[in-house]
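Asks: All chains should be modelled from the sequences, with the hints used to inform the complete structure.
Here is what each chain is made of, one letter per residue.
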Amino acid sequence: MAHEAIHTDANDASNVTNPEHAQHHIVTPLQYSFVFITLLVFTAITVFAAYLDLHWANPVIALAIASFKAVIVILFFMHAAYQSRLIKMTIGAGFFMFLVLVTMTMSDYISRAWGLW
Amino acid sequence: MDSAIATHPHTHETAVHADHEHASLPQHRHHFETEEQQREAGSFGMWLFLLTEIMFFGGMFFAYLLYRNWYYPAFAVASNQLSVPLGAANTAILITSGFCMAVGVWAAEVRRRKMLVLMLVLTTVFGIAFIGVKADEYHEKYEMHHIPGADFSVAQFVNPAAYGIKEEPLNPDMAQKTEIYFFLYFAMTGMHAVHMIIGIVLLFWLTHRAWRGDFSSGYVAPIENFGLYWHFVDIVWLFLFPLLYLINRHPLH
Numbered sequence: 000m001a002h003e004a005i006h007t008d009a010n011d012a013s014n015v016t017n018p019e020h021a022q023h024h025i026v027t028p029l030q031y032s033f034v035f036i037t038l039l040v041f042t043a044i045t046v047f048a049a050y051l052d053l054h055w056a057n058p059v060i061a062l063a064i065a066s067f068k069a070v071i072v073i074l075f076f077m078h079a080a081y082q083s084r085l086i087k088m089t090i091g092a093g094f095f096m097f098l099v100l101v102t103m104t105m106s107d108y109i110s111r112a113w114g115l116w
Numbered sequence: 000m001d002s003a004i005a006t007h008p009h010t011h012e013t014a015v016h017a018d019h020e021h022a023s024l025p026q027h028r029h030h031f032e033t034e035e036q037q038r039e040a041g042s043f044g045m046w047l048f049l050l051t052e053i054m055f056f057g058g059m060f061f062a063y064l065l066y067r068n069w070y071y072p073a074f075a076v077a078s079n080q081l082s083v084p085l086g087a088a089n090t091a092i093l094i095t096s097g098f099c100m101a102v103g104v105w106a107a108e109v110r111r112r113k114m115l116v117l118m119l120v121l122t123t124v125f126g127i128a129f130i131g132v133k134a135d136e137y138h139e140k141y142e143m144h145h146i147p148g149a150d151f152s153v154a155q156f157v158n159p160a161a162y163g164i165k166e167e168p169l170n171p172d173m174a175q176k177t178e179i180y181f182f183l184y185f186a187m188t189g190m191h192a193v194h195m196i197i198g199i200v201l202l203f204w205l206t207h208r209a210w211r212g213d214f215s216s217g218y219v220a221p222i223e224n225f226g227l228y229w230h231f232v233d234i235v236w237l238f239l240f241p242l243l244y245l246i247n248r249h250p251l252h
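As you go down the protein sequences, you meet chains S and R in turn. Using numbering that gives the first Met the number 0, the letters of the first sequence correspond one by one to residues 0 to 116. Using numbering that gives the first Met the number 0, the letters of the second sequence correspond one by one to residues 0 to 252.
Think of the hints as simulated: they come from the structure by calculation, not from any bench. Only a predicted model underlies this, so the values are computations on that prediction, with no experimental measurement involved. One or more of the hints may lead you astray.
Claimed, not checked - Restraint-style ranges between C-beta atoms, simulated for each label pair:
| hint | chain 1 | residue 1 | chain 2 | residue 2 | range |
| --- | --- | --- | --- | --- | --- |
| 1 | R | F48 | S | M105 | 41 to 49 angstroms |
| 2 | R | F55 | S | Y108 | 13 to 21 angstroms |
| 3 | S | L51 | R | Y162 | 20 to 28 angstroms |
Stated by the list, open to error - Output of the computed footprint for chain S on chain R, the stretches with three or more beta carbons under 8 angstroms from beta carbons of chain S:
| hint | stretch |
| --- | --- |
| 4 | 39-45 |
| 5 | 48-58 |
For every residue, glycine included, the Cβ atom is placed at its ideal position computed from N, Cα and C.
Replies: Okay, here's the thing in structure tokens:
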């Protein structure tokens, strides 16, 4: 079990049974509490920021806070931070694919009636 | 982990069933070499399912993005008809539910049966509270004729002063577009609520099994994978709340 002492999430093809070195990591309730409090604080911030007139920055701030909250939920509540590279890549690929689809669909829509809106 | 190869040589080639056994725990399926491999395969499958869910909700988020840009005045005024205190309270309720679920996963991992059952019950209670607040909000929309369809009324948007609403009146063309906002509001929060209800049904089943002790002897996968689902549903709401409730809360310059 000396293997665990030098744990890395890098792929190891010579390790036939567990090439991703997937290991079980238990996140403690204390860590969950920090995430919980952070989420509540940022919920309060997003409500407060919505009542300030920041022009174009209002939706940017709202989305930035929502994205930050989503990232810490994914990393800690969903344990992504402690998963193998295979699973990290899977998660990343999903969000990347979503952004590609939004970008391509949006470029279609905004270019259909160019200059008429 | 290397030692696993040495102590469990490949026996799949043999037809002798007795030689096939290499699992020590009852939940360890024989087609997985190690428990870690089984766990990772399970998480991988769950994440693939969640990616299809991202695409499913993503389509609606895209429709929102497009129509919000096209009909911004209608979206801003219609959004202001939602209750920020109820929306914010529901966000806090859902985050609390997610926190209880996360602690529940921990309880299963450290094999504390009663703690796990308690956390699953709390997760369920907060989930039901969320649905209750949502039902109250839907009912208010029903009374205001803000549910898209035959009874939808733009009266409050073309003549807000008559209803005591401090908004600039919309011209009738733009006022009609508030129906698109409310359609998206009901489609997105409705599909979110459907996911919550499915989750609550699963929670009853998981709580029953947890009480029986199914998940407090090292078999955590159902709790862990349900946790992934529940947190995903949380994340959808984390975006829905600012996008639907907080579009333009500073209208009185």
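Asks: For each hint, tell me whether it holds in the structure or not.
Replies: Verification of the supplied hints:
no.: 1; hint: R/F48 to S/M105: 41 to 49 angstroms; result: 26 angstroms, violated
no.: 2; hint: R/F55 to S/Y108: 13 to 21 angstroms; result: 20 angstroms, holds
no.: 3; hint: S/L51 to R/Y162: 20 to 28 angstroms; result: 26 angstroms, holds
no.: 4; hint: 39-45; result: holds (count 3)
no.: 5; hint: 48-58; result: holds (count 5)
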